[in-house]
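*Asks:* Given these sequences and hints, build the entire structure.
Residue numbers (the working numbering), protein chains in the order written: chain U, 10 to 401; chain B, 35 to 263.
Derived from the structure by calculation, the hints contain no laboratory data. Hints should not be assumed to be uniformly reliable.
Part of the chain U face toward chain B, derived, beta carbon under 10 Å [to be verified]:
| no. | residue |
| --- | --- |
| 1 | 28 |
| 2 | 273 |
| 3 | 274 |
| 4 | 277 |
| 5 | 278 |
| 6 | 313 |
| 7 | 315 |
| 8 | 318 |
| 9 | 319 |
| 10 | 395 |
Quick list of the computed label-pair ranges, beta carbon to beta carbon [what the hints assert, rightly or not]:
| no. | chain 1 | residue 1 | chain 2 | residue 2 | range |
| --- | --- | --- | --- | --- | --- |
| 11 | B | 55 | U | 368 | 48 to 58 Å |
| 12 | B | 67 | U | 387 | 47 to 57 Å |
| 13 | U | 282 | B | 55 | 55 to 65 Å |
| 14 | U | 284 | B | 77 | 48 to 58 Å |
| 15 | U | 387 | B | 222 | 14 to 24 Å |
| 16 | U | 282 | B | 105 | 25 to 35 Å |
| 17 | U | 396 | B | 76 | 39 to 49 Å |
Far from chain U, some chain B residues (derived; all Cβ distances over 12 Å) [as the list claims (entries may be wrong)]:
| no. | residue |
| --- | --- |
| 18 | 54 |
| 19 | 113 |
| 20 | 214 |
It should be emphasised that the depicted structure is a prediction, and the values quoted were computed from it without experimental measurement. Every residue gets a Cβ at the ideal spot worked out from N, C-alpha and C, and that includes glycine.
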Amino acid sequence: MNPRSRLRASDLLPVGSVGLRTRHLRAVLSVLGIGIGVASLVAVLGIAASSQADLLGRIDRLGTNLLTVVDGQSIGGTEVPLPMTAPVMIGQIDGVTAVAPTAELTTVHVYRHDLMPSVRTGGMSVRAADIALLSTLEGSLSAGGYLTAASERKPVAVLGSQAAQTLGDTPRVWISGHWFTVGGVLNPLPLAPEIDRSVLIGFAAAGAFYGHDGHASRIYVRSRTELVESVAAKLARTANPANPVGVRASRPSDALTARLEVARSGTGLFLGLGGVALLVGALGIANLMVIAVLERRTEIGLRRALGARRGHIAAQFLTESLLLAFLGGVCGVVLGVAATAIASLARDWTVTVPALAVWGGLGAALLIGALAGLYPATRAARLAPTDALRTT
Amino acid sequence: MKTPVLKLNSVRKVYPGSPPVASVDGVDLTVRSGELVAVVGPSGSGKSTLLHLMAALDRPTEGSVHIAGRDVARLSDPALAGIRAHHLGVVFQQFHLIESLSALENVAMGLLYRGLPAAARRARAAVALSRVGLDHRPRHRPNQLSGGERQRVAIARAIVGDPAVVLADEPTGNLDSQNGASILALLKDLNASGTALVIITHDRMVAEAMERRVELHDGRIVSDSDGAS
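*Replies:* This is the structure we're talking about:
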């Protein structure tokens, strides 16, 4: 008979947890070390994912197929008129689904009432707007109605959301010498903040009351999503064939997309910091295991006397280290998800924890447990049984 | 003639140093099945080294150590571990119990490295605990047991696997005389039921109680009441 020393795989966990059951506080502290590291990684990834999901959601809701055309700006920052033909020409570009011209009336200002000093314009501008503007921007009203074919000839104004705040609750506004009835108030338009700051009147009214010639200065264009790029490329030449260089065609959703990029690049830095925390946790485990091997020399000697091979001793200490790291990983994932949930709910984001963060966090913890346990386990295994027993 | 379970032939164990120290120097000793042997000698006589060699925890520098018919000097570490797991039981002066495990679990540890299922280990551990008279305290932790009870647990752990030979290193060294006497009586009982037993001691009173006494001095056997080895 060839008697073999054998340790069942199912015994590895109870054997590997003997040390943890004896020294609770130390085990808890080491678990916490790894836990904090993993939690910071999971929270960084989770919060980043939640904020990105929120941005992506907003971009999706607002659409990336809105384009604006402006013919440069004057030195004073006001818009310059585009040729009369621009809206019609743009409407003929393949892929364009809606066109809404607006014109900033640079010499016209709006006041709450006729007694206001003329210099207090409140940063608002008065804008002639097409009746298709609301549908083109996919905007909505918080009160009243928008301009119609009938009302655009009359002294009726629709207030942008910020302009409405500035002017306050008022049934009519004073626009450079004429009273205008407030017909409606718009909800905020994240892709057209200049409309938020404007008071809109019809082109016909602008012509009738202020002699505006009908030139547009800013045109909003909706296109089919798949043709946005090609439409954008043609806009400048189509809007002002005589001088396309001055025309700016822009895509307002690009600003949000840029924020997404910024959020992504910031994540890298925080991940690095989380990695440092994890490294500190790893040193904690390695330290605990080295001390455990020193303190438990007699246990090692006893186990060898009872028939354990070197490999069994190494496996025991490696299991203990992996167990510590795994518990730390689980705590870390739970803490990280909780932190993500709290941070996201506080900002009204949907809580998004990527699977990569959960599995990556656990995987990183186990990897660290293996690395931190390798050296102590090897030391324990190399210990001669006679030396181990002699230390008492 | 009973079969030898432990056989040392011209065993020398030299520890390096200047000058090198021969802790065990030319020992011939045979322990047969069912025998009760006391190895007695003063501190530094090489008792511990001899125990380590007999327990297959160390290999001799010269000579051969046969345990259950196999020469440990030529065995690999895993094969030595196999010998320890299956053929040997060791009882230590300091008991060496695991504090976080119950008495029953400590005893079951004696079978851990045989690869037996946990349920089988516990069943055999319960039998061993009752053999040492502790079947009423299986769930107690070592710190809830008296010194004598702890040594009984350690003895149960050594005999749980029915080894060919049990080696006891100063088994009464940490006990008062009353507990020591009852532990010796227990060991003699176990021997009477067939287990070969080698007790290492510096205590002549303990040695006197054994049927065979081997006296060790400066690493050599100076007397052996058996005379046959």
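*Asks:* Taking the hints in turn, state whether each one holds.
*Replies:* Do the hints match the structure? See the list:
{"no.": "1", "hint": "28", "in the structure": "8 Å, holds"}
{"no.": "2", "hint": "273", "in the structure": "48 Å, violated"}
{"no.": "3", "hint": "274", "in the structure": "49 Å, violated"}
{"no.": "4", "hint": "277", "in the structure": "44 Å, violated"}
{"no.": "5", "hint": "278", "in the structure": "44 Å, violated"}
{"no.": "6", "hint": "313", "in the structure": "7 Å, holds"}
{"no.": "7", "hint": "315", "in the structure": "6 Å, holds"}
{"no.": "8", "hint": "318", "in the structure": "4 Å, holds"}
{"no.": "9", "hint": "319", "in the structure": "6 Å, holds"}
{"no.": "10", "hint": "395", "in the structure": "5 Å, holds"}
{"no.": "11", "hint": "55/B - 368/U: 48 to 58 Å", "in the structure": "57 Å, holds"}
{"no.": "12", "hint": "67/B - 387/U: 47 to 57 Å", "in the structure": "39 Å, violated"}
{"no.": "13", "hint": "282/U - 55/B: 55 to 65 Å", "in the structure": "56 Å, holds"}
{"no.": "14", "hint": "284/U - 77/B: 48 to 58 Å", "in the structure": "55 Å, holds"}
{"no.": "15", "hint": "387/U - 222/B: 14 to 24 Å", "in the structure": "43 Å, violated"}
{"no.": "16", "hint": "282/U - 105/B: 25 to 35 Å", "in the structure": "60 Å, violated"}
{"no.": "17", "hint": "396/U - 76/B: 39 to 49 Å", "in the structure": "23 Å, violated"}
{"no.": "18", "hint": "54", "in the structure": "17 Å, holds"}
{"no.": "19", "hint": "113", "in the structure": "8 Å, violated"}
{"no.": "20", "hint": "214", "in the structure": "19 Å, holds"}
Checked against the numbered hints above, the structure violates hints 2, 3, 4, 5, 12, 15, 16, 17 and 19; every other hint is satisfied.
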